[in-house]
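A.B. asks: Residue numbers (the numbering used here), protein chains in the order written: chain V, 1 to 112; chain R, 1001 to 1114.
These are computed hints drawn from the structure, not numbers from a lab.
Worth double-checking, as some hints may not be accurate.
Stated by the list, open to error - For lysine-lysine, the following BS3-like pairs were computed, each having C-alpha atoms within a straight-line distance of at most 27 Å:
no., chain 1, residue 1, chain 2, residue 2
1, R, Lys1009, V, Lys42
2, V, Lys42, V, Lys107
3, V, Lys68, R, Lys1014
4, V, Lys111, V, Lys42
5, V, Lys107, R, Lys1009
6, V, Lys1, V, Lys107
Everything numeric in this text was worked out from a predicted model, so none of it was measured.
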Amino acid sequence: KQEVTQIPAALSVPEGENLVLNCSFTDSAIYNLQWFRQDPGKGLTSLLLIQSSQREQTSGRLNASLDKSSGRSTLYIAASQPGDSATYLCAVSVDSNYQLIWGAGTKLIIKP
Amino acid sequence: NAGVTQTPKFQVLKTGQSMTLQCAQDMNHEYMSWYRQDPGMGLRLIHYSVGAGITDQGEVPNGYNVSRSTTEDFPLRLLSAAPSQTSVYFCASSQAGRLEYGYTFGSGTRLTVV
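The following block holds chain V by itself, in its conformation from the complex:
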């Protein structure tokens, strides 16, 4: 059974620092992986999608990498800002039954 783990559960860093969020999964047979952002009281916003054949994707200050063989993905945030404070979730698409498997998220706080 596919399981997705995100460590740490919470992270607090000063503004301006570069940081890495981690996502690991137990079964390498995934179609793709996506990172989402969740703000309090809001829905989920997609950030980066990595297909199983890709190694990384970049959008602005965000870079996501994927290593299927080791069951790991990282989300790198450069030059963090207070507006980056949110919970970051990763999800994998595993097979044809449309089910996404989610990590529990990392709550990120950027201190001004």
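Position chain R relative to chain V; hints supplied.
C.D. replies: Relative to chain V, chain R alone:
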């Protein structure tokens, strides 16, 4: 604005009561789904639908019913609320139910069962 609309945003129920969480999308998406989010856990799929008249169970379907009479609407019914159903519920829609086609999420319904 196009998107997924969930109502209500907050609800408190007494054990044994029933209610319907509403979800509507205006993007003509075929795929719609309901997830619940509990503290310390990832989102879990309750039910999903791949089109009007077609629904199926997800990972945690017990205690919930769904129907899909139109493309736009996908209501979630709690038959007899239990404290274990206290959670935040998200509705999501997608063109085809895969991450690569993109998912749009509603803003959630925070449900408390006392």
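A.B. asks: Verify the proposed pairing of Lys68(V) with Lys1014(R), using a straight-line Cα cut of 27 Å.
C.D. replies: Violated. Lys68(V) to Lys1014(R) sits at ~45 Å, over the 27 Å cutoff.
A.B. asks: Within a Cα-Cα threshold of 27 Å, do Lys1(V) and Lys107(V) meet the stated pairing?
C.D. replies: Holds. Lys1(V) to Lys107(V) sits at ~25 Å (cutoff 27 Å).
A.B. asks: Check the hint pairing Lys42(V) with Lys107(V) against an upper bound of 27 Å on the C-alpha distance.
C.D. replies: holds (14 Å)
A.B. asks: Need the status of pair Lys107(V), Lys1009(R): alpha-carbon distance at most 27 Å?
C.D. replies: The hint holds at about 22 Å.
A.B. asks: Quickly compare the C-alpha distance for Lys1009(R) and Lys42(V) to 27 Å and report which way the hint goes.
C.D. replies: Holds, at about 10 Å.
A.B. asks: Holds or violated: are the alpha carbons of Lys111(V) and Lys42(V) at most 27 Å from each other?
C.D. replies: Holds. Lys111(V) to Lys42(V) sits at ~21 Å (cutoff 27 Å).
Violated hints amount to a single one, hint 3; each of the other numbered hints is respected by the structure.
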